[in-house]
Amino acid sequence: MSLNTRMLIVDDEPEILELLTLTFRGFSTETALDSESALELLRARPFDVLVTDVRMPGASGLSLIDHARASSPGILIFVMTGHYQEVPRDIQDKVSRWILKPFTVASLRKSVYEALEARK
Amino acid sequence: MTEDKLQFDRARFEAVLDSLESMVVGDLEREVAISESRDELDALAHGINVLSSELRYRLRELQAAQSSLIQAGKLAALGEVSSGLAHELNNPLTIAAGYIQHIRASLEAGLRSAEDCSLLTAYLQKVERNLDRMNTIIRHIMEFARESKPVKQPLLLQQVIEKSLILMNEQLRLRNVRIEMTLQSGLMTKGNEAKLEQVFINLLTNARDAIQSAHGEAGGQIHVRSKVLSRTELAIEISDTGIGMDGETLSKIFQPFFTTKAPGRGTGLGLSISHGIVQEHGGSISCESEAGRGTTFTLYLPRHLPEDANL
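So the sequences go chain by chain: A and B.
Those letters in the first sequence? Residues 1 to 120, by my numbering.
Those letters in the second sequence? Residues 1 to 311, by my numbering.
These aren't lab readings, by the way, just hints derived from the structure by calculation.
Check the hints yourself; a few may be wrong.
Where chain B lies over chain A, by a calculated footprint (3+ residues, C-beta under 8 Å) [as the list claims (entries may be wrong)]:
{"id": "1", "region": "55-63"}
{"id": "2", "region": "98-105"}
Some residues of chain A that are not near chain B, with every Cβ distance over 12 Å (derived) [what the hints assert, rightly or not]:
{"id": "3", "residue": "T23"}
{"id": "4", "residue": "S28"}
{"id": "5", "residue": "E40"}
{"id": "6", "residue": "D48"}
{"id": "7", "residue": "R69"}
{"id": "8", "residue": "G74"}
{"id": "9", "residue": "D93"}
{"id": "10", "residue": "R109"}
{"id": "11", "residue": "S111"}
The beta-carbon is built from N, C-alpha and C at its ideal position, and this holds for glycine as well.
Given the sequences, and given the hints that come with them, work out the whole structure.
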């Protein structure tokens with residue numbers, strides 16, 4: 001796991017973006033404050049990992065899943081949510097790991113590292 | 001019956017009439033005196049006293065039911081905004097817990113330079129700021145949900161509106177609802193802060209839902225304006241760019257249990273409770289709406305001038 005791992009983090013809370021950038025400082029991270037800006041980044045280049053919030057002003061983070069799978073085949077998708085039960089079943093299956101809010105950065109980091117390890 | 005006796009009875013009869021008149025204007029505490037003679041007039045006086053005591057009892061029951069209804073409405077209003085509140089608490093909790101883990105990792109790695117120390121201080125400040133943020137929200141939920149005492153005190157209108165936004169902000173932001181305020185500074189009314197806040201939360205929740213029904217994720221705008229109507233009266237307008245209502249819906253909105261929301265979404269009591277609260281404050285609510293254009297609610301409230309306290 002190194003700077004070669006390209007990660008996109010999407011959340012409407014700047015402090016969450018700052019915290020996760022710090023948590024994954026060994027990766028090459030990019031951040032977006034909403035789904036629209038995230039979509040532009042996904043179109044521009046491939047990523048290995050997407051970490052996204054669901055409820056944000058504008059389009060939901062769930063709208064990024066299909067785009068991410070199309071533009072970055074093999075991408076690992078981590079979705080942070082406080083409302084897992086409200087997510088439709090077909091979308092639940094498209095996500096690598098659901099991160100329930102409030103979460104600890106240690107558990108998120110562990111999930112991401114394990115998934116990257118398993119993908120090798 | 002002698003002339004004296006007649007005079008005496010007339011005085012007693014007038015006392016009974018006075019008591020009845022007092023009851024009519026709402027004074028139920030006054031009792032009619034009963035004489036030693038235990039005659040027909042005393043029987044009537046006793047009957048009036050029993051009636052007034054029964055009315056006092058019923059009135060107390062009604063007041064208790066009204067206050068339970070307001071409390072239930074308040075908790076329903078809180079339920080309406082609860083998912084936004086969970087979102088608003090989850091984020092600072094995640095941030096504070098996250099930086100605590102980074103602080104621990106930094107301490108375990110050992111502080112080697114002044115730069116390490118200042119980084120640690122910056123992390124601690126972030127923890128502190130996010131705990132403060134949670135504290136503000138939780139304290140306010142507690143204040144709002146607590147059954148308030150029936151005390152009326154001078155209130156700064158702007159402050160009441162801003163407090164209701166502590167509970168509403170996240171709801172509005174997540175739905176792309178922008179809120180614009182044109183508030184005249186220093187405007188005061190006299191009342192119960194939690195109850196008036198309940199009225200604003202009800203109106204803002206309705207505006208939020210009307211905007212979402214009309215524009216979905218694109219959102220819309222709520223404009224809150226306050227203005228002075230006279231030395232004794234002020235008005236607050238809450239306008240939205242939502243779906244609006246036709247004349248028939250508009251004529252029913254203050255009726256208890258009337259709702260246009262999907263089953264399980266609204267109690268249909270928000271506006272009727274708000275109407276009751278505003279009336280209790282000596283004010284009134286009016287509503288103008290146009291289907292497809294939006295709605296404006298106007299609250300009229302008695303104005304409190306700081307110098308009133310010295311009168």
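How the hints compare with the structure:
1. 55-63: holds (count 5)
2. 98-105: holds (count 5)
3. T23: Not fine: 7 Å to the nearest Cβ puts T23(A) too close to chain B.
4. S28: holds, 20 Å
5. E40: With a cut-off of 12 Å, E40(A) remains clear of chain B, as the shortest Cβ separation is near 18 Å.
6. D48: Holds: least Cβ distance 22 Å, greater than 12 Å.
7. R69: Correct as stated: the minimum Cβ-Cβ distance to chain B is 22 Å, above 12 Å.
8. G74: About 28 Å separates G74(A) from the closest Cβ of chain B, which puts it past 12 Å; holds.
9. D93: D93(A) clear of chain B: closest Cβ-Cβ about 24 Å, beyond 12 Å.
10. R109: Per Cβ check, R109(A) is inside 12 Å of chain B; nearest 9 Å; violated.
11. S111: holds, 14 Å
In terms of the numbered hints stated before, the structure departs from hints 3, 10, listed from lowest to highest.
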